[in-house]
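Residue numbers (our numbering), protein chains in the order written: chain A, 187 to 615; chain B, 187 to 615; chain C, 187 to 615; chain D, 187 to 615.
There's no promise every hint is true.
Which copy is meant is left open, so a pair is good if it fits within one copy or across any two.
[To be verified] Pairs of lysine-lysine, DSS-like flavour, derived with a Cα cap of 27 angstroms:
(1) Lys499 x Lys404
(2) Lys346 x Lys499
(3) Lys402 x Lys502
(4) Lys430 x Lys499
Treat the hints as calculated values from the structure; they're not laboratory data.
4 protein chains.
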Amino acid sequence: MSRILCMRAPRRLLSQPILATAIRNARRYASSAPQFDWEDPLASKTLLTEDELAISAMAESYCQEELAPRVLQAYRDENYDPQILREMGELGLLGATIKGWGCAGVSTVAGGLITRAVERVDSGYRSGMSVQSSLVMGGIHEFGSEELKDRYLPDMAKGKLLGAFGLTEPNHGSDPGSMEMTAREHPQKKGYYLLSGSKTWITNSPISDVLLVWAKLKETGKIRGFVVDRRDSPAGTLETPAIKNKNGLRASITGMIHLQDCPVPQENMFLEVEGLRGPFSCLNNARYGIALGTMGALEDCIARARTYALERKQFKGNPLAKYQLVQKKLADATTDAAYGTLAAIQVGRLKDEGKATPEMISMIKRQNCDRALQGARTLQEIFGGNAVSDEYGIGRHVANLYVTQTYEGQSDIHSLILGRAITGIQAFV
Amino acid sequence: MSRILCMRAPRRLLSQPILATAIRNARRYASSAPQFDWEDPLASKTLLTEDELAISAMAESYCQEELAPRVLQAYRDENYDPQILREMGELGLLGATIKGWGCAGVSTVAGGLITRAVERVDSGYRSGMSVQSSLVMGGIHEFGSEELKDRYLPDMAKGKLLGAFGLTEPNHGSDPGSMEMTAREHPQKKGYYLLSGSKTWITNSPISDVLLVWAKLKETGKIRGFVVDRRDSPAGTLETPAIKNKNGLRASITGMIHLQDCPVPQENMFLEVEGLRGPFSCLNNARYGIALGTMGALEDCIARARTYALERKQFKGNPLAKYQLVQKKLADATTDAAYGTLAAIQVGRLKDEGKATPEMISMIKRQNCDRALQGARTLQEIFGGNAVSDEYGIGRHVANLYVTQTYEGQSDIHSLILGRAITGIQAFV
Amino acid sequence: MSRILCMRAPRRLLSQPILATAIRNARRYASSAPQFDWEDPLASKTLLTEDELAISAMAESYCQEELAPRVLQAYRDENYDPQILREMGELGLLGATIKGWGCAGVSTVAGGLITRAVERVDSGYRSGMSVQSSLVMGGIHEFGSEELKDRYLPDMAKGKLLGAFGLTEPNHGSDPGSMEMTAREHPQKKGYYLLSGSKTWITNSPISDVLLVWAKLKETGKIRGFVVDRRDSPAGTLETPAIKNKNGLRASITGMIHLQDCPVPQENMFLEVEGLRGPFSCLNNARYGIALGTMGALEDCIARARTYALERKQFKGNPLAKYQLVQKKLADATTDAAYGTLAAIQVGRLKDEGKATPEMISMIKRQNCDRALQGARTLQEIFGGNAVSDEYGIGRHVANLYVTQTYEGQSDIHSLILGRAITGIQAFV
Amino acid sequence: MSRILCMRAPRRLLSQPILATAIRNARRYASSAPQFDWEDPLASKTLLTEDELAISAMAESYCQEELAPRVLQAYRDENYDPQILREMGELGLLGATIKGWGCAGVSTVAGGLITRAVERVDSGYRSGMSVQSSLVMGGIHEFGSEELKDRYLPDMAKGKLLGAFGLTEPNHGSDPGSMEMTAREHPQKKGYYLLSGSKTWITNSPISDVLLVWAKLKETGKIRGFVVDRRDSPAGTLETPAIKNKNGLRASITGMIHLQDCPVPQENMFLEVEGLRGPFSCLNNARYGIALGTMGALEDCIARARTYALERKQFKGNPLAKYQLVQKKLADATTDAAYGTLAAIQVGRLKDEGKATPEMISMIKRQNCDRALQGARTLQEIFGGNAVSDEYGIGRHVANLYVTQTYEGQSDIHSLILGRAITGIQAFV
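So that you can see chain A by itself, here it is in the shape it has in the complex:
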């Protein structure tokens, strides 16, 4: 664990009793007699390092104390508080797997444990963080020049600069290779490109300072990545209107990116990468975070449904938890959470060892999103009509998890990616 994360976390959190308990619980696992823990049925904690346990405990503590109390209202109002990213930055949670530039440099699994903690509260909050950490910081770190890294990463790590990632276009979702946004050499200003086109469903775009945008270079027809800095964009060349009235992820902010001959200096173009490899590599990192993140949302659904089932009584005063049909729903969801967590930890380890492939990420992204959504829906049934009240939180998770199933590769697209890897034949048609 990086010094930064270590040093900062204690200052903020160690005096708080909840964290102390969390760490104590985490450590207890080394010595205790075997006992089934419905919150971690297959003892995935035994696979984590001390550092990872501590990071997870800190992140959970922050999320439960600071994020959980805000989410109900934020979701109702469809409002995202950019202050959240600054708070996360202060705790070292942003770009946490990057080494250097003020980032924590933790393991891939630790990074996933952070997303799980955030998504336990809300998938929208996790989305906001994933864009900042995996898509934009990750992209700049992987493909940007040293100068770009020095210019953007430190402030992004602190949450002082907010990022957005522009890949999806109105007419091109699952098939980004057909994108229409273009970059052409500036006819007057040497060393500059002019970017034009539209992106949509862009998390954080309305509040972003730094936009990593993918466009086709006119001269080559190849896709290239550009870092568009809002501060340097002349009026009228960059618009980022918000998309409102969403059915899910209402606690995150989403918008479009309209570029109209927006000038971008040549040094803001990624040099080392061309084609879809660039955006796909960024997505790969984000997808990992989603795979472990959605397990947090599912676990929260389990905890809420379990509590409800124990407290709600029907028919002669029996708690719902006594009914076989209810127990089966809990057993199914708990199993999926346990399995999905183990799979994500395994892929995280492989990633750090350079042994992970994109198909592995497709597999865990697809399966964990699918099962989280399915599990949340099944658990929702336990609440009966009461699930309609947003105060139970379950409906929010259900609506959010639908979105996680569709973004960064809709479930069926990942099925076909896997199918291609298994058979050697592509069937995207």
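Put chains B, C and D on the given structure of chain A with help from the hints.
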């Protein structure tokens, strides 16, 4: 078909070209060469009478022209316009299966076709109508004295008086037999009862004039039905606060009913019925409407998904409709809609012949709600990330249909009702 | 109902008490008070004519008395007794929907009720009958010359001549249009064709006398139908080896058809039909029988599982039927049987009115086979380990129903047929 | 890895080229560049030790070379060759996790890899081995006196003595606590008990020498374990008739155990254990083997379906593998196999560290059996009608996996075990 419906419909609607087309299409079925119609795959129209076809066409026309344009905003604002019930009343759509008192006196199937037309737009609009028609007017018609019928039915049929149905209590959802609301004899005012207690999740309660409330008579401990007239209730004895921030059915209004020693005259108590038979009989009628109604919502999802799949192009310009995984989703949902419609028509016919049993209603209510919800969710996947925009309408149906699966008997409860009927053994525990 | 069936049935069956009861039960439905009947939950019997009820009762009686006692041993030994078709012929059950040539001339629904009765015992027995009735007799009746009809239909109706239907080839299952079997003009013998090629998975082929075989005419490349008469085929030109060691349908006999320059007179070729329309029309009739037939198998599974659940006691002597998880399985399967039956009756009526389309048949064939298989598998779980014993019969139905899902259009193929009908785009690739 | 396994394996196997390849492949994983391997999608091999890889390779080699060629005929004939257990004994595969008494003393995971190798060929073969290894040898090792261990374990490890495990009774499957078999003190012969009662569905019983039988001690009413030695049982006191005509596991032998005042010396009773803890502990070990074992069967189904899909061509010569609906089936099953394998490895590690609980075993036994069965059934659809031929092997796996889902705790029972662990409330009723 009643004279009222016949006479009124033409005045309002016959000049409109859409209705003419609808009726022409409906009639065409008698003579045309066989051709697969994805909107009615098993030709359920051949099972309908001329009157039923005309009623259905009129209701569809009204709903598409008058309701559809309002629903997006209503759902966003969580707002229900009581004017809608007045419009429906003018068209003869309220309490339509009742004979007399200004009601249309149509067949059970025709009543279901009306709910289907309304729910094709929105399950919340259908809920508002079902409460008025099936639960309150139906209840008064079945169990009320002639005097009660004369006093309430004509104005309710016109939508001038709005009804609410108070059965579910905060602690008693699936098990209404344990209700806590009481009615006791008025200590001073002879011939009056005092009602006290709370009901929750009551559609229309905040805007209702006439509340059919079920309470336990103190002296017998038996459940009895009371018609509570808001105009006659002294200040402070009846409160109907709205429940806001719902996850679904946001285009209908829902609230609580708080009664605090609310005086109700003896003649407003249903005399002929005691115990759960009363409310269950009302629910039975409403459930029938839900069974056919949800098929409308599912059909709308199919139509929306089909259009989207034909218009949206990915990968070499192919429409999504060309993908096998998309076609299977459409085939599954279409089959469920076709089967569910036939089953509901059959039970409607049996009902009019006095051959329907409550278990039959349980079966079609459960199955049609389950399949509509499942189908809507599967079709939603076709929209990918775009489903998150409320303008596609699909997310609204998904959220609504979850609620229809839980109210008037949550799906699992109906499973156990059927299980009991099949095995002779009750397993509610 | 035809005179033949009417006259014959009584002679054989009316003295038998079981039939009397069956008819009495069938008639009772007209007058009795409404009561839920788990064997016919949505009262599909009310949709049947007196004739149809009587035919159904007779067929059920024969099947339960004569077929049921033989099936366990036949399935074990993988043996089919051709005598069964002769018995069915005597009762007028073969080619029953054909008018004339000694056939009963009953309604499509009545024909389906016969298949349901047979498949309630075993899908293999029903397969043997379907081939005779729908595929071969139906094909000759629809496309054959008057001479062919006169020559074959009367003896086939009596079960004296047995038929087989040769369409599927070793390399061409779902895609018969690519068939390799050829017919070429006899180089010496004028008015004769020589047929060569192989067919596989042909029900009844080893015991068949009359083989309706589809081959491509060399001169046109178009598919044509030929009636191959084993009695007229020189030694060595026609072989029909049995395929043994099947996983399902073991009580039916299956084989190949090898033709090696087998001479067939020109008049045995169907004149009126060319291309796939011929075999597809035959399949259409057979698929209808499967759609209603599989409901019989599913209903038998329900009855067996219900009995087992009531008799088997675990945990404090409670019957399994008391467990919620068991009741839900029963409720699900019962609902599917009820819905599937109604859909099949509706399509049968449309068929007789000339209003049915092949896509309707695809829909009910697909859905009813899928749900029957799914239901049988779920009900099998109620038997626990005991299902492994073949004496409970449930494992046999499960294995059989897998086959019904795959033949005459595998389920996914029908999904794509429906998808094409819904979207107008074919996705067979 | 034990010396015995090490020393013996090479002698037998190292000269064989297949093993060399297997070991080379296994080792390759340490160094190769990351590449998706559909046979091990989440690189579970990276979690195995060198020893475990070698044991797995040896077991796979034996099973593919020696067992695979026999299984088709064995399944057809419903015949189990006891020689197989002797071969396994020679290779050190029996009781492999036991340390001492000539057993290999390998890790729990290694033991599971052996069951996986065997079940890749056939679940029946794995069942025969599980009974010998986990249930009988495991039981004697855990609860027997040193004398009993010395007397039985060495010869059982060599496959010279065959074991059977008698717990399930005709009327008591999921609820063994209600067993009826009794043990009473011998009225004449001191130091002896007389056992009476019947057990059923006992794998290996007809060929067994050593029967571990659970019975209620008359004097206490408590369940105790007895080692019944067929050689010491007087004629007429022990009968073990085979159960024939099974729907699944036909390559294993199953029977009953009838005891009629069968005398058993006191020292053959387990002293240390009383009640259900004894048999449940044995089952726990066996269930672990099933959890990893069924993954082998599923993986074999994947491999067979993939090959078939690549070789079978339909519609314009496209292989089935090109169809989206086929690719999705492969992707789903592959994911389940990968996830299930990781979960089983994790629980194996916990078991060796003393951290596993019975609920963890319930979770992986339930989930892996459920998913293996579901996956096999879905993959079977790829074969269409050809799956009916037993030569494709897929139907055999489907039939076998149904049985694995029901034995050693039917799936629903494990759901309720998990439900109890999650909620603290039992719902067995």
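So, going through the hints one by one against the coordinates:
no.	hint	verdict
1	Lys499 x Lys404	between (66 angstroms within a copy, 23 angstroms between copies)
2	Lys346 x Lys499	neither (49 angstroms within a copy, 39 angstroms between copies)
3	Lys402 x Lys502	between (67 angstroms within a copy, 17 angstroms between copies)
4	Lys430 x Lys499	between (39 angstroms within a copy, 24 angstroms between copies)
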